[in-house]
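Enquirer: The chain contents come next:
Protein chains: 4
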Amino acid sequence: MTDRAYQLFEEQQQARGINLEQVKKSLKALKIETPSWGYGDSGTRFKVFQKVGVPRNPFEKFEDAAQVHALTGLCPSVAIHIPWDKVEDYSKFRSHAESLGLSIGAVNPNLFQEEDYMLGSVTNADPAIRRKATDHLLECVDIAKETGSRDLSLWFADGTNYPGQGDIRKRKAWMHEALAEMYKAMTPHMRMLIEYKCFEPAFYHTDLADWGMAYNQALKLGPQAEVLVDTGHHLQGANIEHIVAYLIDEKRLGGFHFNSRKYADDDLIVGSTNPYELFLIFYQILSAGQDADPAVRENVDNIAYMIDQSHNIEQKIPAMLRSVLNVQTQYAKALLINHAEVEEAQRNNDVLAAEDAVRRAFEFDVTPLLHAIREEQGLPLDPMKAYLSSGYPKEILARGKGGASW
Amino acid sequence: MTDRAYQLFEEQQQARGINLEQVKKSLKALKIETPSWGYGDSGTRFKVFQKVGVPRNPFEKFEDAAQVHALTGLCPSVAIHIPWDKVEDYSKFRSHAESLGLSIGAVNPNLFQEEDYMLGSVTNADPAIRRKATDHLLECVDIAKETGSRDLSLWFADGTNYPGQGDIRKRKAWMHEALAEMYKAMTPHMRMLIEYKCFEPAFYHTDLADWGMAYNQALKLGPQAEVLVDTGHHLQGANIEHIVAYLIDEKRLGGFHFNSRKYADDDLIVGSTNPYELFLIFYQILSAGQDADPAVRENVDNIAYMIDQSHNIEQKIPAMLRSVLNVQTQYAKALLINHAEVEEAQRNNDVLAAEDAVRRAFEFDVTPLLHAIREEQGLPLDPMKAYLSSGYPKEILARGKGGASW
Amino acid sequence: MTDRAYQLFEEQQQARGINLEQVKKSLKALKIETPSWGYGDSGTRFKVFQKVGVPRNPFEKFEDAAQVHALTGLCPSVAIHIPWDKVEDYSKFRSHAESLGLSIGAVNPNLFQEEDYMLGSVTNADPAIRRKATDHLLECVDIAKETGSRDLSLWFADGTNYPGQGDIRKRKAWMHEALAEMYKAMTPHMRMLIEYKCFEPAFYHTDLADWGMAYNQALKLGPQAEVLVDTGHHLQGANIEHIVAYLIDEKRLGGFHFNSRKYADDDLIVGSTNPYELFLIFYQILSAGQDADPAVRENVDNIAYMIDQSHNIEQKIPAMLRSVLNVQTQYAKALLINHAEVEEAQRNNDVLAAEDAVRRAFEFDVTPLLHAIREEQGLPLDPMKAYLSSGYPKEILARGKGGASW
Amino acid sequence: MTDRAYQLFEEQQQARGINLEQVKKSLKALKIETPSWGYGDSGTRFKVFQKVGVPRNPFEKFEDAAQVHALTGLCPSVAIHIPWDKVEDYSKFRSHAESLGLSIGAVNPNLFQEEDYMLGSVTNADPAIRRKATDHLLECVDIAKETGSRDLSLWFADGTNYPGQGDIRKRKAWMHEALAEMYKAMTPHMRMLIEYKCFEPAFYHTDLADWGMAYNQALKLGPQAEVLVDTGHHLQGANIEHIVAYLIDEKRLGGFHFNSRKYADDDLIVGSTNPYELFLIFYQILSAGQDADPAVRENVDNIAYMIDQSHNIEQKIPAMLRSVLNVQTQYAKALLINHAEVEEAQRNNDVLAAEDAVRRAFEFDVTPLLHAIREEQGLPLDPMKAYLSSGYPKEILARGKGGASW
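Protein chains in written order, with the UniProt record's numbering: chain A, 1 to 406; chain B, 1 to 406; chain C, 1 to 406; chain D, 1 to 406.
Pulled out of the complex, with its shape left as it was, chain A reads as follows (with noise of 0.2 Å):
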């Protein structure tokens, strides 16, 4: 059956004229990065729900991270978060993850979880405190460089919670003081991603509340430094797509924390929610790898794809590898839009037909062209049945509870 539907398939998208051998080439050049700590306990402020088999430090966490890879082809580099995957010696974790075949990704600095910083990290008040967090900003770029990590993924939870508790506009200074040091102290190929999010754990103001103020940020700062998108990030009814084509089309877009949300920040799977705004946010990055401006092109080329979820109910390696296939999933309907069509009916002020020629690609069941790409690259055609029926869910049962959390 998947032979002849994969032929069938072939004939359809010939048929419309979409080049199937280039799909197949971008399909096979998709990266996902996925994050250690999506392999941990994490939860909601309500309770962190343990599970028996989780990663109980950095190395594990690879482990985990590495059936992920070896069953998708997609994730080859997972990022850390500092200090969770704080370890003694990073060339002996670097040979761990060379090992598996993995490389070490992003760093995270993490500005959240001491005492210190309940007011703010590098904008608290305190001089001493934001002192404090601009080093931990520098040891991160330290790290990075043992790591041999490109990109450094910056979140600040920094914020108030109530009118007048802060100075908005010293803050904001403060914060572009404390970017600025960091910045400085990167090397000439290493990336500065900033990420905004509009509330939570502040809950009246955030220093870095919108892609705006991200974007303003890595402007002044220089070309190294990009904006971070978190699907998750927005207010409700933010038009995401649009924020990423118009951050690609300034040559700013560093990359993504995919996940998904109904409400909130959720931290769900991504594309279980709405798995159409997923597909309408690779249908703008691929109509951006088209344009005739090469610095354009070179934004959608060093897009950092990466998992940033927090399976609170979840097996942890089920939900990366369902998270990543829904990623691959959506990314191959969009390659099958057939651009030309779309741009003749926008250029004809032909509404409906514009509207069909994006969706039609979304309707289309990709299944025999995944399943084709998996065949050649050696791949177990359905990577969650592979993974179930494994010996790995039983083997890390071992580990017991009281893994590591997040």
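Source of the hints: derived by calculation from the structure; they are not laboratory data.
Remember, predicted model here, so these are calculated numbers, not experimental data.
Any given hint might turn out to be false.
Identical chains blur together in the list; that is why a pair holds if it fits in one copy or across any two.
Said to hold, decoys possible - With a Cα cut of at most 20 Å, we get these calculated EDC-like pairs of lysine to aspartate or glutamate:
1) Lys47 with Glu200
2) Lys220 with Asp293
3) Lys170 with Asp293
4) Lys132 with Glu250
5) Lys401 with Asp365
6) Lys24 with Glu376
7) Lys251 with Asp293
8) Lys170 with Glu343
9) Lys394 with Asp350
10) Lys145 with Glu98
11) Lys220 with Glu63
12) Lys251 with Glu177
13) Lys220 with Glu250
14) Lys251 with Asp291
15) Lys220 with Glu344
16) Lys24 with Glu115
Knowing the structure of chain A, use the given hints to seat chains B, C and D on it.
Expert: Chains B, C and D only, in chain A's frame:
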């Protein structure tokens, strides 16, 4: 200055036809229940910051609550959470409360902090877990008998994170089964207050998601079941005062969990984000309090006003003082509405006059009025200042860190 | 290619245990009512753009609607709006409809376009206006008798723009009075479908603001009153499929006004913003359709599926075609859910398997299936293409501009 | 009573360290521009209700605006909308304004009410329409020269309703082209105020969707381009005062379009939904007004305060009076903030003290203060009452119905 201020205030209000003696009587009758968990440490999913001086057990929580009551005269009862406030000997607990001038208020079951409840408590697909959860509800009825509590406040974290995860309609039936069993166990003087919440910690669907679902359960259970409105548990834009008016009109408003939010369920100090909303809630209550129907008036008289906040970054006792003072302030302002004037403008379809008649009451400064009743009640004019300059803040430092979490 | 595609599809689905004959039968039974006003010009508060070829009267609206039905086989009835579709002789109107293969569907009173209704119709403080509004409701019952319509779809713009402007509880009582009078006038085979809406055109409070308020009215009126869910009439984040499941479980889901929105009540083509949401609505309906309780199944069988959109910038007939085709597509996908598989995963509390069992059905391409049933019904395989290449689009240009507004 | 009230108020504020003479000076300097269209009929997409007495032409609109200024002393200029306020002879128009004690304020182009602009004006895929739209912008610059207006307020309805409908990045470029051409045509004393809006009338994407997009355009255009904040044009939850503080800090806050909303862009009377938000906006402005950087202070001094409302159900002139009085009231309250006290609490990370220092100013009743400055300016103490008891409301009835729409 105080006397002259009150004199002037009195003249102003009398000129508007406000019966200040009645206003003062109403103000003195206002009772706001504080929650035992509001004195403990709480936080966000990112971090629970630990404060020095936080109470270490239910007894100390009541001691702190007694401070709030002593300084404001507003908070003679304290809600408890089971098992957080589980004690061996409830008569001893009750005596302790009474010795502090307090009574034990609403009993709140906790069905969200055990591993078993990860996928639901009373709506879990596993009948053994449903049984366990229902037994906890029955246990809380028993505790309420021992503590002499009238109200059982029920909030369920039950829900799902993904489409398909649970059978929405079966879960609805299971919810009803559990509530019906609990309802039957209650004594005739008890009330079941059913809370609703749109999301968090469930991120796709929550079994009791809105007032309509809580109300419908109450309808089916009987007259001792009513709806509990938590001001933070609504989707953005929801008109909470409309819901309040509606529920009173159906004689099913059981009470409030007061707090404030700008984004989701932020659990900030009530009145700190949009004080006008709190005022408008009281406007609806006071308007209904003049209804011709005695059943409506009876509902108004029996509303349980309760605080439900998470003081993540604030000093706990001052945060509670600020909360109850904010409630008192907005209630005082609402008492200055001239209902006859509002109604005449409404009758005449005079939009601007009606709006003005309500808003004008909000614009008065009620400080002279509050000073006057505090003086008459032998309370400090400025309870916050009195607290901060008392010995208590220093005294509790001896408790050290690591007090009760929530 | 079509035949091979269907053959493959059939094999796939049979391998999953899906009874395709049953699926086809269900698909052929699907009926979607289109609204007469969807063929007229509509717009935003900023501008109503006028299209050439828009029908100039109710008779021409039905001619356009007949095109949609002829090409899709899905739309045998057309909802009317009074007074927009008021005619002198309803038997002539009915004959016209029948001659086109159509019947007259739901009757929609209009209580928002007369100067008198500026501050409310059935909830206006002025009793004369309430009387006039109620009389219009009764007039619509009479018209429904003449048109043979079963359903009376009620949407009220009634509400207020400012706090204090109206007495919320009095207005609630007036609403009930009017509905009760109308209910009494209905014949036993009629149904009152009560719509709710959170805001617009009322900007502070709307008298029937949410499903709970509509449901509560229906409960009090009697079994012929049910709730009408307009997919655009919810606050951001509302879980519409939850509400749908809830109402069916209470046997009070009357029907739908389908459309799509990203922000507020945008009235876009249904399925164009988040097609997964539409699929999930059908999942709930189909799940309930297998309930053991015959009353639940009866409710499912009697749901009125209706389009309610404003085609501000689109060509009207193509926009309607796209709408009903989107509904058909998502319904077809939902029919591919293997409920036994979902239920087993739910029973086992297997979160990811349950989610997968639902989502997988969404990912199938149902084009071969839709082609098959269209072929069996003698319909064009691609109704949109068939319409665009027919003579009708040119023919109606002769109508010129300035057709019916809404 | 008035004198005693002010005396008491003065004592209170002096005790708090507030310089009342400075406060009064600031209050007397407050200028709020009213919009010509706020005196005309407006409505929702459902209906524009027509009021008796609405001005029939630009000249009468200015006569109504003159009433508002005469009674409040706050509104010496009036914004105009082209072509609604297009006149043959602008010098005559200007003289008419001056004879009424008014000047012509901001010029607002209208690019949303012609058939050509259905799918965009300056971002339309059709170059001829883009040209036409840009020409209108240039025409408005010319008109501004004739009227002596400094500000050009630009709001674009441009956007799309469906994914794929338009090329987001091309439209971005076209927007910039048009603005750049207009910018070049401006005289050195002119300012371009760029407004943003998240949605409506475009329902999928709006070309200038948020402050970041407007700001980025301004940055690229040059120092005469600034951002215009319409308080209703934000997604739910957006912290508007944060955006205000941010823009001032970047010296790019051009001004405000004041109005109020509970749900979407409701265009209600400013301050009627959440007066505290308006107060907090002024808090940020006044805080920045004390900045050490003269460029920041200069930005504060040049903020254009403008009303932009749709009085759908209200009497127009009273609605405008209420609006400017609400602005004055909240501004007066914000002037009572003791910034030194706030800053000290912020410096000490004293959350509750800082919050209190801001909120306390909001709780004062500023009526005595407003009475005092009105008396000093020879204005009626209660402008609304003065208007209603004047002959003007009756006088304008002679205009009949059918006045200017918007």
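Enquirer: Using 20 Å as the alpha carbon limit, work out where Lys24 and Glu115 are close: within a copy, between copies, both or neither.
Expert: neither (49 Å within a copy, 44 Å between copies)
Enquirer: Quick one: Lys401 to Asp365, C-alpha cut-off 20 Å, is that within a copy, between copies, both, or neither?
Expert: neither (39 Å within a copy, 42 Å between copies)
Enquirer: Can you give me the call for Lys394 and Asp350, within, between, both or neither, at a CA distance of at most 20 Å?
Expert: Result: close only across copies, 16 Å inter versus 56 Å intra.
Enquirer: State whether the alpha carbon distance between Lys145 and Glu98 is at most 20 Å within one copy, between copies, both, or neither.
Expert: within (16 Å within a copy, 63 Å between copies)
Enquirer: Within a copy, between copies, both or neither: where do Lys220 and Glu250 come within 20 Å Cα-Cα?
Expert: both (14 Å within a copy, 12 Å between copies)
Enquirer: Is it within, between, both or neither when you check Lys170 against Glu343 at 20 Å Cα-Cα?
Expert: Classified as between: cross-chain Cα gap 11 Å, same-chain 46 Å, threshold 20 Å.
Enquirer: Tell me, please, which holds for Lys251 and Asp293 at an alpha-carbon limit of 20 Å: within, between, both or neither?
Expert: within (10 Å within a copy, 31 Å between copies)
Enquirer: Is it within a copy, between copies, both, or neither that the alpha carbon of Lys47 lies no farther than 20 Å from that of Glu200?
Expert: This pair counts as both: shortest intra-copy Cα distance 17 Å, inter-copy 11 Å.
Enquirer: As a check of your reading, is Lys220 near Glu344 (CA-CA no more than 20 Å) within one copy, between copies, both or neither?
Expert: neither (38 Å within a copy, 30 Å between copies)
Enquirer: Up to 20 Å between alpha-carbons, please classify Lys24 paired with Glu376: within, between, both or neither.
Expert: within (10 Å within a copy, 36 Å between copies)
Enquirer: Please sort Lys251 with Asp291 into within, between, both or neither, judging by C-alpha distance up to 20 Å.
Expert: Answer is within: at 12 Å inside a copy they meet the 20 Å cutoff, but 33 Å across does not.
Enquirer: With identical chains treated as interchangeable, where does the CA-CA distance between Lys132 and Glu250 reach 20 Å or less: within a copy, between copies, both, or neither?
Expert: neither (33 Å within a copy, 27 Å between copies)
In summary, the structure is inconsistent with hints 4, 5, 11, 15 and 16 from the numbered list given earlier, while agreeing with the others.
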